[in-house]
Amino acid sequence: MTPAIDDFALFGLERRFALDRTALDQCRRALQAEVHPDRFVAADAAARRAAMQSAVRVNEAYARLKDPLRRAAYLCELAGVRIGAEENTAMPLEFLQRQMAWREALDDAVSADEVQALASDLEAERRLDYERLARSLDEDRDFARAAQEVRALMFVERFAADVDDRRAALEH
Amino acid sequence: MALLQISEPGASPDPHARRHAVGIDLGTTHSLVAAVRSGVAECLPDRDGRLILPSAVRYLPGGKTLVGDEALAGAVTDPKNTVVSVKRLMGRGLDDVAPDARRGYDFVEASPGMVRLRTAAGVKSPVEISAEILATLRQRAEDTFDAELYGAVITVPAYFDDAQRQATKDAAELAGLPLLRLISEPTAAALAYGLDNASEGLYAVYDLGGGTFDISLLRMTRGVFEVVATGGDSALGGDDIDAALADRALARAGVVGDTAGDRRGAALAARATKEALSATSQAEFACSIAGKQVSLVVERTELEAIARPLVDRTIVAVRRVIRDAKVAMAEIDGVVLVGGSTRMPMVRRAVHDLFGRAPLTNLDPDQVVALGAALQADALAGNHGAGDLLLLDVIPLSLGIETMGGLVERVVERNSPIPTSRAQEFTTFQDGQTAMSIHVVQGERDLVADCRSLARFELRGIPPLVAGAARIKVTFTVDADGLLSVAASEETAAVEATVTVKPSYGLSDDEVTRMLGESFGHAEADMAARALREAQVDADRLLAAIAGALAADGELLSSDQRAAIEQAAGELRVARAAADRFAIERSLKALSDATEEFAAERMNRGIKRALAGRRIEDL
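Here the protein sequences line up with chains A and B, keeping their order. If you number the first sequence the way our numbering does, the last residue is 425 and the count never jumps. If you number the second sequence the way our numbering does, the last residue is 667 and the count never jumps.
FYI, nobody ran anything at the bench for these hints, they're computed from the structure. Beta carbons: idealized from backbone N, C-alpha and C, even for Gly. Treat the hints loosely; a few may be bogus.
Said to hold, decoys possible - Derived coverage of chain B by chain A (criterion: at least 3 residues anywhere in the stretch with Cβ under 8 Å from a Cβ of chain A; other residues may be distant):
no.	segment
1	116-127
2	640-649
What the hints assert, rightly or not - For lysine-lysine, the following PhoX-like pairs were computed, each having C-alpha atoms within a straight-line distance of at most 25 Å:
no.	chain 1	residue 1	chain 2	residue 2
3	B	LYS340	B	LYS128
4	B	LYS656	B	LYS637
5	B	LYS637	A	LYS319
6	B	LYS637	B	LYS217
7	A	LYS319	B	LYS656
Based on the provided sequences and hints, a complete structural model is requested.
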């Protein structure tokens, strides 16, 4: 299978952040219907190997496109801007202060309601962050700025996962 | 040179040969085999008209083996040689086996890896015992069709880990069953249910069997069954309720069941009581302990108090899966119940309360898994027109590797769609290091000690360089059966490092070969005949597959490419006719290699077709 084509081309989608999730899902099903190993159980070994590789490629691309943060990072990399989350750890002061305030709020929260309130605030902020990221990628095409926004959102997502864990722990 | 025979485009190479493919539900308490006949999936009965084969195997002195109801009769009188619920031992070490499941067996102590049992027929692994059950079902199916089987789809709990899946696959091999695919039990149930009711949307499948609990969320869209998330507990089931009820009943009666036979008898009596209590509010518990008759009345409320903690554990697992899938309860269009234990009214109530809707139960919970497996087997064997049924499954548990300090580095996240592949780079720790060991674990916890050890992979042949200079790329691949394989290569010197696998709880290839040998009574002639027969079957399948591929997509080839394939096919036909096993195996490989590029071209064509189809749909 052609390794050179990017994930968007593989799914017949335009290379941009805004994405029609229904189209993505439909296309994944159509692609797997053609290449999934189940279609080649009775086939020769070469065809079975090729099917396996193609199905893996479709699944990988689907996972990358489906997740907004991974999709954004992928667009930056296609534009030649590396995310390099490990090397680029410097964050704006304002962002760090917001992070610290959130962490403290989570540490202080004792009831499910308090955690829920924090989760709602976080969700609202996160939505704004993604709207900004969409503008950077699709309108301004400023991939350096988008990469910085992706790095910041990686922290936000990690924190959101912690909030979610805490909420689940309190529910039981 | 022999010419390839090419059939009409679109037609199967041999239109008269219907491939006999079956679905097998290899369950903890009972097993079934089903097949699609005249377009309808149905369970196949044995000679006496029984559909259900109790998953029990009894080894008699003198080499005779009983399977099913005949074996079950020995569960109380001869517990050491009568193995029930062997599924709970698959891919498990001695430390993993719950005390309840240990009752009565003579385990080989201090043996590493998968448990072994001492029986009248010698030491047996759970894989060999399961193979007896599979072989019995295979025989039943072959008698029904009066033909050899093309292959089987065998179901496993969605939450089975790699060692448990591999053990099931090995059992199929020992039973002489060509395995088409391992599929998850809840997925099989959804398939039977979804095709029967023409359902669309998001469904939850709650599957509480004898020994395992699974919960899966599936999206059904026009024949495509997509697992969104799955979870459960591979050591929680109706057996545990039976054991708890038996303990309670004996305590109330003031008797102590010391012997293995007593405990087995009490557990079987408890199961009967539990089943009766699904229909009535009180039922009798009766068994004989140490020759003394025990009889008492159990209220349904008492059973429910005993079962409550176990049912609660299932509800916690359901909530976790829904959270994993990032869906709201309200988005779920229906709930399907599978497994005999879901007959308990309290289980139905708990599921109803959680989802806020009545669960669907219109298919027999004992049969639905086998029926779904049969539908998938029929589709995989190519008996359907292509394109009407497709399963997209996920890996149930994360895969990771051990890093410094006994921590787990996750390589493949749980609920990733399969097949999948992830590459990870490693480097050496010391100057001149030429080998390294990679410990692969499965589970969701951060410490290696809390996860399941799958295997240790040893890489050899790394070029001796200064510490940290070698770049070893290790690729983890999970296939469509949910089974892991590992490959490694050194990037800087471009050498292929060799990988040897030491499964933690599985059988090595050598052991499987040895067991295969034993099952043929050590007769080397039999082994050789079987190997030749298998090579010939492989040759026939490959020739048919390639004829089919050429008929469908032959125009993708240049005349040179086509000539090369036809040449290799001709050589395979000659080798096959000469009944020379090694020549057949060589020619098989040559023909397979000759079609490599063609296969890749065909995949590309499929992808283009998928994209074109979608554009038409959009219009």
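To see whether the hints hold, each was checked on the structure:
1. 116-127: Answer violated; 0 residues pass the 8 Å Cβ test.
2. 640-649: Check passed, 7 qualifying residues.
3. B:LYS340 / B:LYS128: With Cα atoms ~22 Å apart, LYS340 of chain B and LYS128 of chain B stay inside 25 Å; holds.
4. B:LYS656 / B:LYS637: Outside the cut-off at roughly 29 Å; violated.
5. B:LYS637 / A:LYS319: 39 Å, violated
6. B:LYS637 / B:LYS217: 24 Å, holds
7. A:LYS319 / B:LYS656: The given pair, whose Cα atoms are some 21 Å apart, holds under the 25 Å limit.
Consistency with the previously given hints fails for numbers 1, 4 and 5, ordered from lowest to highest.
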